[in-house]
Amino acid sequence: MNIDCLSSLRGCGGAGFPTAFKWQAVRDANNSDSKVIICNADEGEPGTFKDGWLFDNHCEAVINGMRRAAEYVGAQRGFIYLRPEYSIQRELIVHQIEAMVADKLLSPQSGRIFQATCFPGRPAHLSNDGLNLIELSSLDWFVKHGSQDLIGETQETGGLLHHSQAEHPLPINEKVETGFCLDICIGGGAYICGEETALLESMEGKRPQPRHKPPFPTTNGLWGLPTLVNNVETFWWAERLLSGEWTKPAERLFSISGDVRNPGVYQAPLGTSARELIDDYAGGTTGDEPSCWVPGGAATGVLPPALLDCRMDNDSLKEHGTALGTAALTVYCQQSALEVSAKTMRFFAQESCSQCTPCRIGCAEFSDYLHDDNHHWPHAGPIDDWLQAMQLGSICGLGFTAPLIIRQLQKHFGFEVVGVE
Amino acid sequence: MINGKQVEVLPGKSLLDACASLGIDIPIACHDEHLEAYGGCRTCLVSLEGAPRPVPACKTLTAPNMVIETSNQELDSVRATVNEMLECDSRSALNSWSDGNRFIGYDPQQCIMCDRCVRYCDEVMQCSALEHVGQGIEAFIQPTQGQSFLDTTCELCGGCVSTCPTDALYSKQSLAALKENSADVLASTRTVCNYCGVGCVIDIESQGDTIINIEAEQGVGPNDGHLCTKGRFAWQFVNHPQRLTQPLVRDPQSGELIETSWDKALAAAASKISEIKKEHGPDSLAFLASSRCTNEDVYSLQKLARAVVGTNNVHSCAAT
Numbered sequence: 001m002n003i004d005c006l007s008s009l010r011g012c013g014g015a016g017f018p019t020a021f022k023w024q025a026v027r028d029a030n031n032s033d034s035k036v037i038i039c040n041a042d043e044g045e046p047g048t049f050k051d052g053w054l055f056d057n058h059c060e061a062v063i064n065g066m067r068r069a070a071e072y073v074g075a076q077r078g079f080i081y082l083r084p085e086y087s088i089q090r091e092l093i094v095h096q097i098e099a100m101v102a103d104k105l106l107s108p109q110s111g112r113i114f115q116a117t118c119f120p121g122r123p124a125h126l127s128n129d130g131l132n133l134i135e136l137s138s139l140d141w142f143v144k145h146g147s148q149d150l151i152g153e154t155q156e157t158g159g160l161l162h163h164s165q166a167e168h169p170l171p172i173n174e175k176v177e178t179g180f181c182l183d184i185c186i187g188g189g190a191y192i193c194g195e196e197t198a199l200l201e202s203m204e205g206k207r208p209q210p211r212h213k214p215p216f217p218t219t220n221g222l223w224g225l226p227t228l229v230n231n232v233e234t235f236w237w238a239e240r241l242l243s244g245e246w247t248k249p250a251e252r253l254f255s256i257s258g259d260v261r262n263p264g265v266y267q268a269p270l271g272t273s274a275r276e277l278i279d280d281y282a283g284g285t286t287g288d289e290p291s292c293w294v295p296g297g298a299a300t301g302v303l304p305p306a307l308l309d310c311r312m313d314n315d316s317l318k319e320h321g322t323a324l325g326t327a328a329l330t331v332y333c334q335q336s337a338l339e340v341s342a343k344t345m346r347f348f349a350q351e352s353c354s355q356c357t358p359c360r361i362g363c364a365e366f367s368d369y370l371h372d373d374n375h376h377w378p379h380a381g382p383i384d385d386w387l388q389a390m391q392l393g394s395i396c397g398l399g400f401t402a403p404l405i406i407r408q409l410q411k412h413f414g415f416e417v418v419g420v421e
Numbered sequence: 001m002i003n004g005k006q007v008e009v010l011p012g013k014s015l016l017d018a019c020a021s022l023g024i025d026i027p028i029a030c031h032d033e034h035l036e037a038y039g040g041c042r043t044c045l046v047s048l049e050g051a052p053r054p055v056p057a058c059k060t061l062t063a064p065n066m067v068i069e070t071s072n073q074e075l076d077s078v079r080a081t082v083n084e085m086l087e088c089d090s091r092s093a094l095n096s097w098s099d100g101n102r103f104i105g106y107d108p109q110q111c112i113m114c115d116r117c118v119r120y121c122d123e124v125m126q127c128s129a130l131e132h133v134g135q136g137i138e139a140f141i142q143p144t145q146g147q148s149f150l151d152t153t154c155e156l157c158g159g160c161v162s163t164c165p166t167d168a169l170y171s172k173q174s175l176a177a178l179k180e181n182s183a184d185v186l187a188s189t190r191t192v193c194n195y196c197g198v199g200c201v202i203d204i205e206s207q208g209d210t211i212i213n214i215e216a217e218q219g220v221g222p223n224d225g226h227l228c229t230k231g232r233f234a235w236q237f238v239n240h241p242q243r244l245t246q247p248l249v250r251d252p253q254s255g256e257l258i259e260t261s262w263d264k265a266l267a268a269a270a271s272k273i274s275e276i277k278k279e280h281g282p283d284s285l286a287f288l289a290s291s292r293c294t295n296e297d298v299y300s301l302q303k304l305a306r307a308v309v310g311t312n313n314v315h316s317c318a319a320t
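These protein sequence lines map, in sequence, to chains A and B.
Counting from 1, position 173 in the first sequence corresponds to residue 173 in this note's numbering; the numbering is continuous, with no gaps.
Counting from 1, position 26 in the second sequence corresponds to residue 26 in this note's numbering; the numbering is continuous, with no gaps.
Everything labelled a hint here was simulated from the structure, so no lab data went into it.
One or more of the hints may lead you astray.
As the list claims (entries may be wrong) - Simulated restraints, written as ranges between beta carbons of each label pair:
1. A:Leu92 <-> B:Leu22: 52 to 62 Å
2. A:Pro18 <-> B:Ala80: 49 to 59 Å
3. A:Phe17 <-> B:Glu33: 32 to 42 Å
4. B:Glu36 <-> A:Glu71: 54 to 64 Å
The C-beta atom is built at its ideal place from N, Cα and C for all residues, glycine as well.
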């Protein structure tokens, strides 16, 4: 299979990593026996709803994209890690898998539904009564085997499975009879579960805390196996490009929401300006001029209305200190940039996994700071030092990007003049 | 290359160990030699050429041609800020718990979520009796599933208290025993635990003639810093009013136990043993050694049984 046509495709889950590189890395990973494909459908970035829309409308194409990826990298097993709220999409996927099994496009073992773990103490979002769920975590199982046992085995055997993993409910060492075996894993339900390594941890039945990289999942992913983790939209574009249905460079699905007349998912070329997206696609704003807008999901921070003509692609947005992220354009006419930022920061503070100090403390302190009417900064260290510590000292993208919320307020809304005593 | 100096270290060691072997001190809060590297506290960040941002020294392994800096303006600033963050880190007092156990207590306001206790319980004890609950600033540590320690698989070894870098997990007995404004000086005495024959090296911390705490140092003795619940916590008997400090011999007339000297007690035992042997033969006697005895003690006992008394009826409760 030739994947040259994927050269225009960058991951659509937020980080924008070139897709072809990732596929090549997993293909080149030297454990040829067992590789895993994971479709990251834990769509949790505030303002983003394109992945749900894709399953609603193009479920078959997404799964075909996974099948192509599996063929390219040499994987026999795949999982769709699905946001737990997407119960309608789950049913669509189950039906699609059943149909494809009947057509012998997927292995007959496909279609099981697993439940990934979340943080102990986090209330469950919804009840999954009536579903034949296979729990990936049970305390008894952990007490019986001990996590150390698992870690040790994985390292010693270079990713080959041992007795303790063999007893784990995830059928990772089960022999796939024919074709590609595709199962569904219901996500843990936390924002951080969408971070690819936290996702893997939650599938292994642990606390969904991001792993330290390197090693990357392309070589050491699920249970140490080479693992390809791509976003739903990435697989969809890969399928369209590889099947020849789409011959131009890949575009993006923009999730447009907020104070616009026709919120929804719109496909547009990269580089379309935000104003065009709002006016030509989403029917214009419901108010007058927006007070602020977010270009690519909450983590990309707020931008002022003066920048609405900015081209929506990574290079152009980078000039303004932000990124395209998940291409979730949110428009605010009623709320101020400060209000939006404060809410976003509180969201990050609540969703921090609490593993590393800068993110755990930093997000909480900045949330308090933005919510405080006087914007009183109670710490001896200057705000800039705290932002830098979060940006450089955190483990994963949540901590790296959270300072952006404050930096954008400072850069585009003159926040430092108002904010610091 | 570390801090501009060409150095040679073994490959595959953590940067933390490599730097320590070169005399470069890197501060770290979440590391314990007994545990897998965690990389959570972020005080051990060092800069690595080619990496997009600083890397944790504990979690990064040495490899050929690495260029490392352990201190520069940026790192020092990040480290100072992380320390400031750790100082202001305090969990809500609402998250404190107290259960029926007599030994281990938790003060959430001291806790910095380094996870050392949880990892010790998982990795060293394989008990998983502690868990890290919740997220963000709301996260805290509790006995698994919010149970009492006594209902979990906890062995009350106190390893979590010992590895805690703050006083978040503390020994309830030590807190009760410590007198705040006492003129008595605190002292530490190294000795060997006599609860069993293993010979764990312990440090008894005392205030005047009261024991405050028992600790063990890593890298010392067969226990290498670990202790069991008896060794760490069972020291209340030392100053107990009912503790026997003299041998007792039963008065043949009144039947009461009367304090006596060791010589008289041993003589009484010897004469009684000889009497029974004479009357009923040597096999009417049996010798049972306590598990607190060392190998040498047990050897002497069987010598006494076989050579002096003449019976093979000898056993140690540690043999079963």
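Okay, the hints, checked on the actual structure:
{"no.": "1", "hint": "A:Leu92 <-> B:Leu22: 52 to 62 Å", "result": "holds, 59 Å"}
{"no.": "2", "hint": "A:Pro18 <-> B:Ala80: 49 to 59 Å", "result": "violated, 37 Å"}
{"no.": "3", "hint": "A:Phe17 <-> B:Glu33: 32 to 42 Å", "result": "holds, 37 Å"}
{"no.": "4", "hint": "B:Glu36 <-> A:Glu71: 54 to 64 Å", "result": "violated, 37 Å"}
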